[in-house]
Amino acid sequence: MAEFEFETEGVKKTFTFMNRKAPYGTIYALEVLETVLISAAFEQHANIVFVDDGVYQLKAGHDTADINMKNFSPTYGIIEMEKEDADEDEDIDMVWRIIVEKESLDARGMTEDDFKVDVEVLTAAEIADLVDASDCVISG
Amino acid sequence: MKFGILINEGPFTHQASDTAYHFTKAALEKGHDVPRVFFYYDGVNNANKFSAPQADDRNVVKMWGDLAKEKNVDLVVCVAAGMRRGITEDSLAEGFRISGLGQLVEAGMGCDRLMMFGD
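If you read the sequences in order, they're chains A and B. Each residue of the first sequence is one higher than the one before, counting from 39 in our numbering. Each residue of the second sequence is one higher than the one before, counting from 512 in our numbering.
Since the hints were made in silico from the structure, they are not lab data. Owing to the predicted nature of the structure, the values given are computational and were not obtained by experimental measurement. One or more hints might be untrue.
Some chain B residues judged to face chain A by a derived CB distance under 7 Å, without partners named [stated by the list, open to error]: (1) A538; (2) G542; (3) R547; (4) Y552; (5) E581; (6) N583; (7) G597; (8) E600; (9) I609; (10) L612; (11) V616; (12) G619; (13) L625.
All C-beta atoms in this analysis are idealised placements derived from N, C-alpha and C, irrespective of residue type, glycine included.
Isolated chain B, as found in the complex (with noise of 0.2 Å):
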């Protein structure tokens, strides 16, 4: 099965973020495919390359960049949320592009299943 993934929450604050990666990888690792995780809301500050969690905690955003890495999953953060809250170019992390709401309508109407992680 073909999954999409919208994440609506930051990182850490919420376990939104955490609970869709553990999706993602299980999925993959059960052979379906995630092509594209959506970041919105404040799920775009997952993609904060100046996150700096403490050493003995898990670190999100490098999380994802691995995993999209190793995986090739597309991580798509929106670019109008990322704007208000400081999500550019400048401060993206490794593994993420920026672009528009239609690479989730596209999610939505590419797969099978559109997976929300959020609130």
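In isolation and in its complexed conformation, chain A is listed as follows (with noise of 0.2 Å):
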């Protein structure tokens, strides 16, 4: 077992989280969520992205009793909060995005207004853009 120290100190990079999987039914959303509240520990940029199934992680009114699973969806309001701190703090170095695909709202007959957080939504090409300037993209 050989633990490896990383030199960090002073990096700055852009992670890109792409959120690809409905809320419950798999456990990827729960646990990418709990690698982006990690990552805000190291003040690090992040877009926060919602594609296919997995815009309905952010949809208001999640009721998981009938389903026996924890309802994590207050987390996303944690999220934001972290986005408004790193917004409005001029001490915290760090740029976080939530964002939603467009084609994937359309798709599903849905549109910002169903969202429990503040979103921008981009299409899949310009989140093709935003991944091709990201430093590393984590996915789930």
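Two chains, two separate frames, one set of hints: put the complex together.
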């Protein structure tokens, strides 16, 4: 077992978190969210992107009582708070964006009014450019 | 080049871990660095020491452990994802260690490329 120490002092990268899955049914949504929150501790830039059935993750009004799953959707509120802190506090050098894909919304008859947090709506092509410009892409 | 590796699926059900292993081995043989492999989601099951595949099949858990020992690769299993799935110090295979998600973010920050293997 070789514990490696990375030199991360002063490193500032852009992480894109690509959320592709419905909030329940698989664990991906929940576990991506945990990574997003940890990345805040390192003050890294983050694009938190929701595509395909991933757009349902942000939908307001999750009720999981009948499927006996933990309703983790309040955590998206924490992400929004982190983003607002980063936007407003000049001492925090971190840009966070919460983005949903337009094509995924259209295909599901959804609009940005369906969401519990404020989002940017971008096209698939615009999101592709964003991924291209990112240092790290983590998807779930 | 310095590669960080992220493995998102468990052994056998998916090929992700095998592909990541072959990538890591090939990169090291070509003279690149792979300082850390991070196991997340069901990927933590790659560190289950009780995995006992049939004798005529590959042993994915042991493959990783041997590679770590031989090439000094830091194999890190996410503590929270591991606990959910019963991967703790008691079930951890040789060559792996358990730590937090910060170790994944650090790998992303400290490597030239973060390669993700999964669905």
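Outcome of the hint check:
1. Hint status for A538 of chain B relative to chain A: violated, with the closest Cβ pair at about 15 Å, above 7 Å.
2. The interface hint given for G542 of chain B is broken, as the beta carbon of that residue sits about 18 Å from the closest beta carbon of chain A, more than 7 Å.
3. Because the smallest distance between the Cβ of R547 of chain B and any Cβ of chain A comes to about 5 Å, under 7 Å, the interface hint for this residue holds.
4. A least Cβ separation of about 6 Å between Y552 of chain B and chain A falls short of the 7 Å threshold, and the interface hint therefore holds.
5. Of the supplied interface hints, the one on E581 of chain B is violated, with its beta-carbon coming no nearer than about 11 Å to a beta-carbon of chain A, more than 7 Å.
6. Given hint, N583 of chain B at the interface with chain A, holds; its Cβ is 4 Å from that chain's nearest Cβ, closer than 7 Å.
7. Using the Cβ-Cβ criterion of 7 Å, the hint placing G597 of chain B at the interface with chain A is not satisfied: the shortest such distance is roughly 14 Å.
8. About 12 Å separates the beta-carbon of E600 of chain B from the nearest beta-carbon of chain A, more than 7 Å, and the hint is not met.
9. Contact between I609 of chain B and chain A, as hinted, is not supported at the beta carbon level, the nearest pair being about 10 Å apart and thus beyond 7 Å.
10. Among the interface hints, the one on L612 of chain B holds; its C-beta lies about 4 Å from the nearest C-beta in chain A, closer than the 7 Å criterion.
11. Because the closest C-beta pair between V616 of chain B and chain A is about 5 Å apart, less than 7 Å, the hint holds.
12. Hint status for G619 of chain B: holds, given a least beta-carbon distance of 4 Å to chain A, under 7 Å.
13. Interface restraint check: L625 of chain B against chain A, minimum CB-CB distance 4 Å, threshold 7 Å, status holds.
Hint violations for this structure: numbers 1, 2, 5, 7, 8 and 9, all remaining hints satisfied.
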